[in-house]
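Undergrad: Sequence:
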Amino acid sequence: MFNLIRKDIALQKNTLIIMIPLLLIYLSLGSSSIFVGVLFCMAIIMQSFSMDEKSSIHLLLNSLPYTRKEIVSSKYMSAGVFTFLVVLTIFLGNLLIHREIIQWEPLLMIISMVALFISLAFPFSYLFKSQYLMFVLGALFVLYIVVVNTFIPNFNDRVREGMIMVLSSENSLLYVGILLAVGCLYILSWMFSIRIYSRKVF
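Numbering of the sequence shown is given in the numbering used here, commencing with residue -15 and proceeding in unit increments.
A hint or two may mislead.
Stated by the list, open to error - Cut-off 25 Å, straight-line C-alpha distance, at most; resulting in silico cross-link-like pairs (BS3-like, lysine-lysine):
hint: 1; residue 1: K(-9); residue 2: K53
hint: 2; residue 1: K(-9); residue 2: K184
hint: 3; residue 1: K184; residue 2: K(-3)
hint: 4; residue 1: K184; residue 2: K53
hint: 5; residue 1: K53; residue 2: K113
For the record, the hints were derived by calculation from the structure and aren't laboratory data.
Modelling step: build the complete structure from the supplied sequences, incorporating the hints.
TA: Shown next, in the form of structure tokens:
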């Protein structure tokens, strides 16, 4: 399974070479490290996922001495590696550019939000295809615009206030609760994806 993870990283080498400097540029412009970190993680992870979606690639992977459980598990582990690389880049970028050590709360928020996204996106993509995920995200964005403009005009302010409240909280139990909830969802998603993939016919 280690070779599958190494394969994902090798295939994304050129993407990482381009995106990591872009990430540093965004950080130097004062962009939100949470927003930028989550966006870059999602882009890298889903590109890595979509590269393996062709039937010929699935046939090749299933002809190799790997179980379907290992194939799915490698994707979840690769996603963790990509998230770690982005978080590490943000940490080092803030240290080099702003001469400050970033607080651990924003990094935890990035990891939690990316893990939440993966927990929903991977089972959906295994059940259908990742390209359909873009249609779902587009529909959700339209719904978001309608809700914000029609029913909850101050929705963005509420979300921003909620994020500030969480990030400024000194209650360690809150962060432990977030980690446990996201971790459990991630594991359940992992098991569900294995179940979906094991029943696929190529």
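Undergrad: All hints, please: hold or fail.
TA: Structure-based check of each hint:
no., hint, verdict
1, K(-9) x K53, "17 Å, holds"
2, K(-9) x K184, "22 Å, holds"
3, K184 x K(-3), "29 Å, violated"
4, K184 x K53, "12 Å, holds"
5, K53 x K113, "18 Å, holds"
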